[in-house]
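Asks: Chain by chain, the residues:
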Amino acid sequence: MADKTAEEILAPTTPPVDIVASQLSAMVDDELADAEIPLALRRLSRDDDWQGRWERYHLISDALQSHIPTALDTRFSDRIHQVVANEPLPRVTARPLPSWYKPVTGFALAASVVLVALFGLKLNQSDATFAPTASLAANISSSPTMISPPLQTVSLTSSASDANEPVEARLNSYLVNHNGYASRNSVNGMLPYVRMVGYQASR
Amino acid sequence: MKRKLLTCAALALAAGSLSPIGWTDSSPRALKEARQWLERMIEATQTLNYEGTFIYIQGPHVESMRIIHGSGPNGERQRLFSLNGPPREVMVANNHVVCLLPRQQATFPGSDYQRSPFPLSIPRELGRLESHYAFEMLGEDRIAGLDTQVIAIKPRDAWRFGYRLWLDESNGLLLRSALLSEQGQPMEQLMFTDLQVKPHIDESAFQSPAAPPEAALISEEPGNPEPSSPAGEPVAESAWRVGPLPEGFAKVLHNRFTEASGQHPTEHLVFADGLATISVFLEKLNHQPPLLQGQSRFGSMNAFGAVIAGHQVLVVGEVPAATVQRIATSIEYAPEAAKP
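Top line first, the protein sequences correspond to chains A and B.
First residue of the first sequence? That's 1 in our numbering, and the numbers climb one at a time after it.
First residue of the second sequence? That's 1001 in our numbering, and the numbers climb one at a time after it.
I should point out that these hints are in silico values taken from the structure, not numbers from a laboratory.
Heads up, the beta-carbon is just placed ideally off N, CA and C, and yes, glycines get one too.
Worth double-checking, as some hints may not be accurate.
[To be verified] Residues from chain B shown here face chain A by an in silico Cβ test under 7 angstroms; the list is partial: (1) Y1056; (2) E1063; (3) S1064; (4) V1090; (5) C1099; (6) A1178; (7) G1184; (8) A1250; (9) V1252; (10) Y1333.
Take these sequences, add in the hints, and give me the full structure.
Replies: This is the structure:
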């Protein structure tokens, strides 16, 4: 019985073997349609089996054209892989982003650079409007600060207005405030509150 | 034992292995039935007393949370808190929302909160949803030991996400939900592992051990004004123009506020289609670095940031990335147009 959590995917995700084999063969012979080349290259780049076929098809092609070298190096691609694998990765010097922050496409790189800087700021929110109870102070990672807007507003009542502007708190309070409104404007009013709690999970 | 059950449920959700008894019905009769189930869900969620534990999955994160909801002469009360990781909690009392988050507390005392134009218990408004979403009855399933009806809500265009809802057959309460991507794959899921409907919930269950006493006071007295919060005010004239929205989204709020330091006057617009909500924040930067430029994602919410005329424009909502980008890039600053 199929699960109904997701939409059913009707199209087959993997093309039959003989179709891909004929695509590879056509590409070796430079006869593959331009539109099909990117897909074939992507498959070739991630599939060891097809990389082996690629080498064999070239070998066959060369043999048919009498271009066989005197010595065959069948482990050439393995050695290339080994060199790439041994190459040291670039050092990560930036502070890692919060794991709930997921840059996506397009401006992702620029956005992530900006956010590294922003989230690196130390919060300077010490003057809570409400004094926390002992249990709250013990359980919460840093001094809580009251954000006390009516539902219409996002506003920090923190006294921190110096150079260490609580940028993270500003962005965060926008998201909290958005969810506050979303709960009032959605059929499923519980879910935005769950998101308020949930997206703080890994911070 | 409970932990074991949670773990099993999380694994089952992640693997997508829970199987409703399968049939699909999208006939007009099924549409009517789906609408009745949604009305039932809205009423049950607001009026019943219940207490339960659920798991919440968003991307790679799995969380367990507990919810306590009560409805009585004093209005609606709800307490929602995390069971793992740093303590996080949201308390709702009528229009007041108090958030206890790791680094901050936030309250939303809603004394001057204006109701949205989507009072969704009204069937007519559910009818509006049908213009932008298709409803299907997907059959039965069992969640937390209870029989459920499964409803699919499919967007009719690419500007919004789809949903799956599992509703308790006996009372309509939501026992499981999934937010589906443009490809129809679950991005965010919630599923109860136990839920008890009760005739009465003791008042002490709504008291958070983590909340400062003042927060409790506010939540108990809805009329109590928040003394030190700078209030937002509705915007009658704005220098900002938001371009044509995806069909079905209506503006439900436009406010202006200034945070305590006075450095960042901000306008906030909220648009909703009845299921999805989009916020637009327009914040004066005063030559400070922007909060966000370009596309980003916060949990299941997509966001798009841009800088226009020295302002941070931030559009965020539980809608596809293309939707927030479309709205952000349609925004114009026209101060002359705002003058009478």
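Asks: Work down the list of hints and note, for each, if the structure agrees.
Replies: Against the structure, the hints:
no. : hint  : in the structure
1   : Y1056 : 5 angstroms, holds
2   : E1063 : 5 angstroms, holds
3   : S1064 : 11 angstroms, violated
4   : V1090 : 5 angstroms, holds
5   : C1099 : 6 angstroms, holds
6   : A1178 : 5 angstroms, holds
7   : G1184 : 2 angstroms, holds
8   : A1250 : 10 angstroms, violated
9   : V1252 : 6 angstroms, holds
10  : Y1333 : 19 angstroms, violated
Consistency with the previously given hints fails for numbers 3, 8 and 10, ordered from lowest to highest.
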